[in-house]
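J.: Protein chains in written order, with our numbering: chain A, 73 to 391; chain B, 11 to 143; chain C, 11 to 627; chain D, 2 to 329.
For the record, the hints were derived by calculation from the structure and aren't laboratory data.
Cβ coordinates follow ideal geometry from the N, Cα and C atoms, glycine included.
Keep in mind that a hint or two might mislead.
What the hints assert, rightly or not - One side only, chain B facing chain A, incomplete, derived with CB under 7 Å:
#1 Y36
#2 I40
#3 T59
#4 V60
#5 A108
#6 L112
#7 L116
What the hints assert, rightly or not - Distance ranges between label pairs, derived from CB positions:
#8 D:Q295 <-> C:M94: 32 to 40 Å
#9 C:H489 <-> D:N147: 31 to 39 Å
#10 D:Q295 <-> B:L67: 39 to 47 Å
#11 C:L516 <-> A:G201: 53 to 61 Å
#12 A:H215 <-> D:E293: 30 to 38 Å
#13 A:D91 <-> B:R43: 40 to 48 Å
#14 D:S89 <-> A:Y184: 53 to 61 Å
#15 A:G201 <-> D:V279: 20 to 28 Å
#16 B:A140 <-> D:W22: 42 to 50 Å
#17 C:Y511 <-> D:R64: 23 to 31 Å
#18 A:R186 <-> B:A51: 23 to 31 Å
#19 C:F499 <-> D:L233: 51 to 59 Å
#20 A:G201 <-> B:A89: 24 to 32 Å
#21 B:L110 <-> D:P304: 44 to 52 Å
To be verified - These stretches of chain C come out as covered by chain B in the derived footprint (C-beta under 8 Å, 3 or more residues):
#22 268-274
#23 337-344
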Amino acid sequence: MSQTIVTPIGANAESEHLDAIHQENPHLAHHYDTPRHQYEAGKLGIWIFLVTEILFFAGLFCAYTIYRTERPEVFNWGHQFLDWRLGGLNTIILLTSSLTAAWAVRCAQIGYRRALIVNIVATIALAFGFLGIKYVEYSHKFHEGLLPGHHFAPSEEAWEIESFRAKHPHAADLAEALEAYQASREKAEKSGKAHHDAKAVEGQIAPVVPSRLRELLRNPEATQPLVDIGAIRNPEVEPQEGLLRPKYAHVFFSIYFFMTGLHGIHVIAGIIVWIWLLRRTIAGHFGPKFFGPIDFGALYWHLVDLIWIFLFPLLYLVS
Amino acid sequence: MTNSAERQVMSAATDQHQIVSDDHGYSHTISTRLMVAVYAALVVLTVTTVAVARVELGHPWNFVAAMVIASLKGGLVVAFFMHLVWDRKFNLLLFLTAILFLILFLGLSLNDRSEYQPSIDAFESAQTAASTP
Amino acid sequence: MTSTTTVMNSPLTGKSSASPPSFDGARSDSYLTHDRGLASWIFTLDHKRIGIMYLIGVMTAFLVGGVFALLIRTELFFPGRTLMDAQTYNQLFTLHGAIMVFLVIIPGIPAILGNFVLPMQLGAKDVAFPRLNLASFHLWVLGALFLVLSMVLSAADTGWTFYTPYSTTTSTAVIPATFGAFILGFSSIFTGLNFIVSIHKLRPPGMGWYRMPLFLWSLYATAIIQVLATPVLGITLLLLIAERLFQIGIFDPALGGDPVLYEHFFWFYSHPAVYIMIVPAFGVISEIIPAFSRKRIFGYKFIALSSLAIAVLGFFVWGHHMFTSGQSVLAGTLFSALTFLIAIPTAIKVFNWIATMYKGRIHLDTPMLYALAFLWVFTIGGLTGIFLGTMSIDVHLHDTYFVVAHFHYVMMGGSITAFLGGLHYWWPKMFGRTYDEKLARIATGVVFVGLNLTFFPQFILGARGMPRRYYDYLPEFTHLHQLSSVGAFILGAGFVMTAVYLIASLRRPINAAANPWGASTLEWTLPSPPPYYNFHEAPVVTAGPYDGYEDLIYVENLQGYVPRPKDGAEGGSGVPPEKRAEIANTSKPPGVREPGVNADGDQSDSATETQKPGEEA
Amino acid sequence: MITYLLLADALPKSPQSSTFWLPKAGSLSAGQFDWLYDFLAILSIVSVVGVAVAMLYLVVKYRARSRVANEIADKTPDHNTTLELTWSIIPLFIVMAIFVWGFKGYLDLRTPPKDALEVNVTGQKWNWSFTYSNGMSDNALHVPVNTPVRLLLTSVDVIHSLYIPAFRIKMDAVPGRYTEMWFQSTEAGEYSIFCAEYCGAGHSRMLSRVVVHEPGGYENWLSEQQKKMNSLPLPELGAQLYQKQGCKTCHSIDGSRLVGPSWKGLFGRKETMSDGTVIDVDANYIRESIAEPQKRIVMGFAPAMPTYQGKLTDRELTALIEYIKTLK
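Just chain A, with the same shape it has in the complex:
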């Protein structure tokens, strides 16, 4: 006989039963036998999708790790401009939204429709909160010209940017002292006298900013529009020697914007999923017998939170 054989006894009752299940559960697709079968298939499907998301971010974590180990000075310099308080607040917001997401799944499983709606709305609200804070951070960076690639033209001298000043309060006054010292040294060399007493000052702050950058910083339209100039290399990008900034400092902001930006896009996608789930909950689709989509939406949301849990220390905290 070929691989299949013919009817076991008493099959007719089974197939009637099969169709009965389909009548009871409107949401049961025709190629699944029981709601549990469809739920478990969906669960396996979403977990595989989450695996692809993890590997999708793996590329970025790899780029981060490699540039961090090979150019630590870029990261030490760059992360001073990130405000860990905003990052921390965002982490708390995402954790809370994870709680409300898990709660939503619980309500769906038990069948509390009103509580489910409240939780979903809370999750969406928290997500918007997260994006709001992100917007604040990004506009702060745009304003200061701390952008990736050839837009990287910090609009104020490195030590006048307040987040940098917040970390190094004494930096500003040191700068004037250093400039005075430089000027006096040149005068001294002209007149042949040696100058040895200012080692302490020079050690703390890097050499003076060359005049060329000063004149570049003055003109406001330093940030050109975002255009595909792959073919023409923009001279401004050439790293400036002798600046407080290490060479290739803009790579930090490239990685920062790419990682948090891609994560932000995933948050927006999450919001769209939650709104779609909210609409279906209001339409009364979900109950103890059919809550798959809520569970899978929450799983995706937890993963977005998981990725931020790792992004926060890597970008904001590690010095």
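Assemble chains B, C and D onto chain A, guided by the hints.
T.: Below, chains B, C and D without anything else, positioned relative to chain A:
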């Protein structure tokens, strides 16, 4: 592969009799108390990771501490919020494979880059030497 | 082979279809004729229709890619300028590479044959997520449009590998091409995801992991690679696009980036990708050889697990593409040693296929001819892989025509030959029509000759030091190039012949038997072309996928095989009484399916026994 | 693993083979290479013929008469673990042995001897330039025979790859870092150099040659070039540099516009820069543009010129300027 097949047999068999009863009990429902507890733990861990970051622990240890705390938080989210503790073990296997392949990709690329990093440094120092007349 | 159906509300069309008449009626109500109109095709959820649409799309892309290949070979017929200038030549070989890799050979067997056959071999009605399957096809079309957009603007001239810093500094339309490949990545992920969940969750009662056809094993292994490797391609191409648009300085050395890091990112996906291309081909060959040798496959477990071994080991070896790229010696040694491990499972498969043919009854129909061609060509391709895996040899052979010959032998000779074999094997099942056997055998010969004549001279070119991607070459290589170009046109002729008689077969009457080759996997228990819902209930599986050959007899007028009638027992239902009892009380086998009526029954008296009363709920 | 190492050493060294497959061998490592290549070739041909013969024999012997005959295949075991294990383990050993031979050869290729002669190689869009120990650079690679030569490669724009088929060696020239390779040629003569990594329109014409001098021949070539450099009148030297240093790929001398402005009638002409300022082209502007090409670029041209900082001696710079003056 065979053990997952056996397990499906048992769960398929148990699910056999469930057909008659209302079959909503096919996924674990997390209790409110556990949820709030996990949430509280996550918040506490966030505060600790910020606090630890302010303490200077020397070169690698800051990074290691941050990663340990982040993995702890991640583990909590994955185990409880994502039901992996009560789920089919195959889903856990999937998650671990993803982490394994992430580490494989990261490890080999990083190992190779740190091997040939000296030739990049040599080039850059030659470059700066040539450009300062 | 009869298939009677019962009343059921068909979710596809939402209306309950009356119980269609029995045998020939089922065939007229096949998945091809069930719904009419273009919209029913574009928005279909039926895996069979999606498979056919993929077939049309992929074959068009194959035609375009093939024409580019012939243009390249014509240009190389004479040294110096023959047809076009260097820039056009570079754009042509880039498009030939990108189209063939991303549009044809990665979707190829999984999306066409896999989509069509997997649910039927599982005794299921459809893949786990039909809508996701349709989304995968639409993404394929969108990705293809982006590649066309790149062609229209000014085709990328970077090679299908998009190596930086060339790809970030050239002025050609690299972004549409990379964005197209990015979208095609998601199409591949969705197919892989669908297959993993289907194989885990939709197996019929009785079909344990070691009773699954080997084609499903290979699709499972391929799906694992698709799911684990393709996301990294996605992020690599996104970073490349950002590098071009915003100069983020990850890969461009002038901005602090590292081109060798790009190579690591790219090959982490692209080597597993070559196993996405070849492992389904192994699956097709593992289906064809036992069916046409009328003999159980030899070493089922070894073949099944070797597919998984290749899938997993495929992730550890990507560095053998970079031996001369400035990669460190330590990493190179690691990658070379692991590369040799992969040679073992591949060798096991070839030996097992040959052992299957031992003492079989071999029928040399077209699918078997393609399988035999595959064995010869793939062995050459595989062994030359060992040359390139050996570190000191690769230093001489890397980026020469030896590499071009190697991967064409494996992809062209491996995947495309196996794809054509599989296409001919399942053609009667897909369209219910048979093709002209004599013409098919001639075309197979032409393809085989064209293939070897095109690519064997390239081995010699490569060994003698001819670098690849050369628009112009030294006069000493001329006659080998001319030999290769002639071979290319013969190969092209072979494909045109195949296309002609296959399309011509579509105008023949639908008279193909349900089981023309006497195979014993589940899809052959359905009529050709199968009804849109495949099986009403999952068939109970009690034997291995290649166990039933001696129980099938060939019926001359039917041009197909039917189960051998057992006289006296239970009205010839093909199962002796004592076996029937033992089957009835099997505990519900894995695959989480309900044991149910199997619509299949013996031809002679099935109409009465399994006919359902009209008023079925 | 140790047994393989001993095994590998005990095997006979390869004969000088310029076989059907490979170009004439010109270096020490080429001999080692050819032997392993021939071994692999024979192994592959034997395996392929073996598979083909087995396949054809089985097809002929067990061919079914026709489908109607309904022949039944004889009962044979459907698996034989011992057989399957053996034909897994044996290829494993063979393949591991090949890995060890390949690894030993690769290690030799990547560890240049200490006393090797050093030559700097710079890959550039579509020509190679070799800078010798005395700072002089040339388009061809001149080396003495039977002495190890170490090449330090880099590229100024995209990835190139220096490939010498006769010596069986190849190494990518990656921008932003150094890579190195070495060889010891065993026979005087000329061997061709190719670029093996795709680098754009001129990838296939980026050829050069290795000139292996008889013993002593290298030294007098070097000194004679040096003398020629010093004695040659400046404009002639400038013309030579125009060819050798790759200026001709981007600057024409007949007025036609290439990647860069044409040199015809350039000297003394008024040029508007990209930021609008107008300057007249004098010696300092040319000197500055050669050292720092990105500084002041003529309107409408791409900043694609690599820096020649430290590549040209002062005499060569003035020679170039003199040559440009002659181009009216």
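J.: It remains to establish, for every hint, whether it holds in the given structure.
T.: These are the hints, each one checked on the structure:
1. Y36: holds (4 Å)
2. I40: Result: holds, 6 Å to nearest chain A Cβ.
3. T59: At 6 Å from the nearest chain A Cβ, T59 of chain B passes the 7 Å test, so the hint holds.
4. V60: Given a least distance of 6 Å, the restraint on V60 of chain B holds.
5. A108: holds (4 Å)
6. L112: Since the shortest Cβ distance to chain A is 4 Å, the answer is holds.
7. L116: Since the shortest Cβ distance to chain A is 5 Å, the answer is holds.
8. D:Q295 <-> C:M94: 32 to 40 Å: At 34 Å between Cβs, range holds.
9. C:H489 <-> D:N147: 31 to 39 Å: holds (35 Å)
10. D:Q295 <-> B:L67: 39 to 47 Å: Hint holds: Cβ distance 43 Å, inside 39 to 47 Å.
11. C:L516 <-> A:G201: 53 to 61 Å: 59 Å Cβ-Cβ, so the 53 to 61 Å window holds.
12. A:H215 <-> D:E293: 30 to 38 Å: Given about 32 Å between the Cβ atoms, the range holds.
13. A:D91 <-> B:R43: 40 to 48 Å: holds (42 Å)
14. D:S89 <-> A:Y184: 53 to 61 Å: For Y184 of chain A against S89 of chain D, whose Cβ atoms are near 58 Å apart, the range 53 to 61 Å holds.
15. A:G201 <-> D:V279: 20 to 28 Å: Hint violated: Cβ distance 56 Å, outside 20 to 28 Å.
16. B:A140 <-> D:W22: 42 to 50 Å: holds (43 Å)
17. C:Y511 <-> D:R64: 23 to 31 Å: holds (24 Å)
18. A:R186 <-> B:A51: 23 to 31 Å: Given a distance of about 28 Å, which is inside 23 to 31 Å, the answer is holds.
19. C:F499 <-> D:L233: 51 to 59 Å: holds (54 Å)
20. A:G201 <-> B:A89: 24 to 32 Å: holds (26 Å)
21. B:L110 <-> D:P304: 44 to 52 Å: At roughly 45 Å between Cβ atoms, P304 of chain D and L110 of chain B fall inside 44 to 52 Å, so the hint holds.
22. 268-274: holds (count 4)
23. 337-344: holds (count 6)
Checked against the numbered hints above, the structure violates only hint 15.
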